[in-house]
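Protein chains: 2
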Amino acid sequence: MSIERLFDAVKRSGPVCVGLDTAPDYIPPKAALEQAAASVLRFNEALIEATVDVSACYKIQIAYYEALGREGMDVYAKTLAYARARGGICIADIKRGDISDTAVQYAKAHFSGDFEADIVTLNPYMGMDSIEPWFTEAERRNKGAFVLLRTSNKGFVDFEGQKTANGACVYDLVGEKLLELAQRSSGNSGYGIFGAVVGAEAKSAAEREEARMLRLKYSKLFFLIPGYGAQGGGAAEAALLLTEQKNGGVINASRSILKAWQNLETGIETTLENAAQAARAAVIQMRDSIKSA
Amino acid sequence: MSIERLFDAVKRSGPVCVGLDTAPDYIPPKAALEQAAASVLRFNEALIEATVDVSACYKIQIAYYEALGREGMDVYAKTLAYARARGGICIADIKRGDISDTAVQYAKAHFSGDFEADIVTLNPYMGMDSIEPWFTEAERRNKGAFVLLRTSNKGFVDFEGQKTANGACVYDLVGEKLLELAQRSSGNSGYGIFGAVVGAEAKSAAEREEARMLRLKYSKLFFLIPGYGAQGGGAAEAALLLTEQKNGGVINASRSILKAWQNLETGIETTLENAAQAARAAVIQMRDSIKSA
Numbered sequence: 010m011s012i013e014r015l016f017d018a019v020k021r022s023g024p025v026c027v028g029l030d031t032a033p034d035y036i037p038p039k040a041a042l043e044q045a046a047a048s049v050l051r052f053n054e055a056l057i058e059a060t061v062d063v064s065a066c067y068k069i070q071i072a073y074y075e076a077l078g079r080e081g082m083d084v085y086a087k088t089l090a091y092a093r094a095r096g097g098i099c100i101a102d103i104k105r106g107d108i109s110d111t112a113v114q115y116a117k118a119h120f121s122g123d124f125e126a127d128i129v130t131l132n133p134y135m136g137m138d139s140i141e142p143w144f145t146e147a148e149r150r151n152k153g154a155f156v157l158l159r160t161s162n163k164g165f166v167d168f169e170g171q172k173t174a175n176g177a178c179v180y181d182l183v184g185e186k187l188l189e190l191a192q193r194s195s196g197n198s199g200y201g202i203f204g205a206v207v208g209a210e211a212k213s214a215a216e217r218e219e220a221r222m223l224r225l226k227y228s229k230l231f232f233l234i235p236g237y238g239a240q241g242g243g244a245a246e247a248a249l250l251l252t253e254q255k256n257g258g259v260i261n262a263s264r265s266i267l268k269a270w271q272n273l274e275t276g277i278e279t280t281l282e283n284a285a286q287a288a289r290a291a292v293i294q295m296r297d298s299i300k301s302a
Numbered sequence: 010m011s012i013e014r015l016f017d018a019v020k021r022s023g024p025v026c027v028g029l030d031t032a033p034d035y036i037p038p039k040a041a042l043e044q045a046a047a048s049v050l051r052f053n054e055a056l057i058e059a060t061v062d063v064s065a066c067y068k069i070q071i072a073y074y075e076a077l078g079r080e081g082m083d084v085y086a087k088t089l090a091y092a093r094a095r096g097g098i099c100i101a102d103i104k105r106g107d108i109s110d111t112a113v114q115y116a117k118a119h120f121s122g123d124f125e126a127d128i129v130t131l132n133p134y135m136g137m138d139s140i141e142p143w144f145t146e147a148e149r150r151n152k153g154a155f156v157l158l159r160t161s162n163k164g165f166v167d168f169e170g171q172k173t174a175n176g177a178c179v180y181d182l183v184g185e186k187l188l189e190l191a192q193r194s195s196g197n198s199g200y201g202i203f204g205a206v207v208g209a210e211a212k213s214a215a216e217r218e219e220a221r222m223l224r225l226k227y228s229k230l231f232f233l234i235p236g237y238g239a240q241g242g243g244a245a246e247a248a249l250l251l252t253e254q255k256n257g258g259v260i261n262a263s264r265s266i267l268k269a270w271q272n273l274e275t276g277i278e279t280t281l282e283n284a285a286q287a288a289r290a291a292v293i294q295m296r297d298s299i300k301s302a
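Going line by line, the protein sequences match chains A and B. Residue numbering for the first sequence is 10 to 302, as defined by our numbering. Residue numbering for the second sequence is 10 to 302, as defined by our numbering.
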């Protein structure tokens, strides 16, 4: 199971998830090619090469590739293939959510063929018949999925954070269903086929308390934790969502790694190799500050 | 605004939305080509040609195209282009839902370039900061969006159908936010940039009452109504979600149109042209039974 592999990867290389949300304008001018899609691919490859031994996995936000049209989808496929060929675990950040036959088609799309990833992200709004088909497909194909649970964006309060009639939040209903699924699939690490996306924002004492509660309550779920770095979360906050062994989740950072080169003295003269090494340094620094948090 | 265009199209040609969820095995053997993606494209083109004057719009379920990898995305792009060149309004059934920068990337992907559609479907789970960016982009590019509100799948009760602390359902919270947005954008028809996906299942008296209430409560929202035909909904149920003028929404059918050829006597000997004409007849029959419902 892919979540099992992720657990082992964190044990080996730490919990940093490198977010390849690569907008063409994140690339240093000197390292860019004329064609945006080709430019993104070459940049991704250099960053993967430079970070594969110090990170747990890659999260590829498909929106940035869809935005480049057919060429973007080609780069998306090639980025996945490149990372996976080097042993990198790839999370396709697709946040799909649709029912029955459509879910099966999506699973086919992202668990095999051109767009094959190891793990996907899913949106539970339509209910468990939009999630269950992925369980079967993931089991069959040795894959995994993170389902959106409690995200850390401001809009979280609008729906997922609303209190239901019995006092729980909407996201708790999602969590309960995921725990039921987890019982059907736990591997050696104690984690199953499904994990959960849980946000890292924990600025106030109440939010930090909520983070601790989430870790406790969903101890059977491996977490994908976005929001580190450019999105405002810090190492101490993110670490609240990990176990004492600093495992049980991966912490994603995108822009703070992709654009780490902007802190170099070389500025717009930065080369591809410099940018890749700056990304590596950012990953190591992030990993170490989480470790000591 | 694209929802405005849809209102006019319904007035002119009736409320049928042709769902191009084209799985390769929906195509009659005699009409299939060796290569699955090419086969789907040719089938889609024939169906569009045969139905463009009797339907309101096309809904293209992107999962079926993603499942065919890069070639599938090519067919997806070409299907959109073909339908739009013939004056067909295209709803990209993508159910995307992500925040801020990512939402903008998705909007760029589906409102311009290779994958340009007229209207998209969206998932609101993460909150209004995953929906608002689409408003700006749709306004700027003269596009529209349907947000998932009350779907008709069984899993609906798991989360969207849950009662919140104040007695409303989760989906009502979504609806209230959409009504606020509608006020900021209503055109001549009274409908704005955003519509809502509302299911057609209305088998019991209670469900029919709920359908009437939904139409009343969300009279400012144009509806995308799936679930007709193969998914179980009938004309009378679907019509409850339309206005007295049989407008205010489009009713989608996919398999009952795509696979209408299976009711022909020609069976597996059915040609592409036969299949297209069977689809046309199915659309006309559906349109007429809604009209007389």
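Take these hints with a grain of salt, some might be off.
Because identical chains share one entry, a pair is satisfied inside a single copy or across any pair of copies.
Said to hold, decoys possible - Keeping only pairs whose Cα atoms sit at most 25 Å apart, straight-line, the calculated SDA-like set for lysine to any residue is:
no., residue 1, residue 2
1, 255, 276
2, 163, 109
3, 255, 278
4, 87, 47
Derived from the structure by calculation, the hints contain no laboratory data. Being a predicted model, the structure only gives us computed values, none of them experimental.
Structure-based check of all given hints:
no.: 1; hint: 255 <-> 276; in the structure: neither (34 Å within a copy, 61 Å between copies)
no.: 2; hint: 163 <-> 109; in the structure: between (31 Å within a copy, 10 Å between copies)
no.: 3; hint: 255 <-> 278; in the structure: neither (37 Å within a copy, 62 Å between copies)
no.: 4; hint: 87 <-> 47; in the structure: both (10 Å within a copy, 22 Å between copies)
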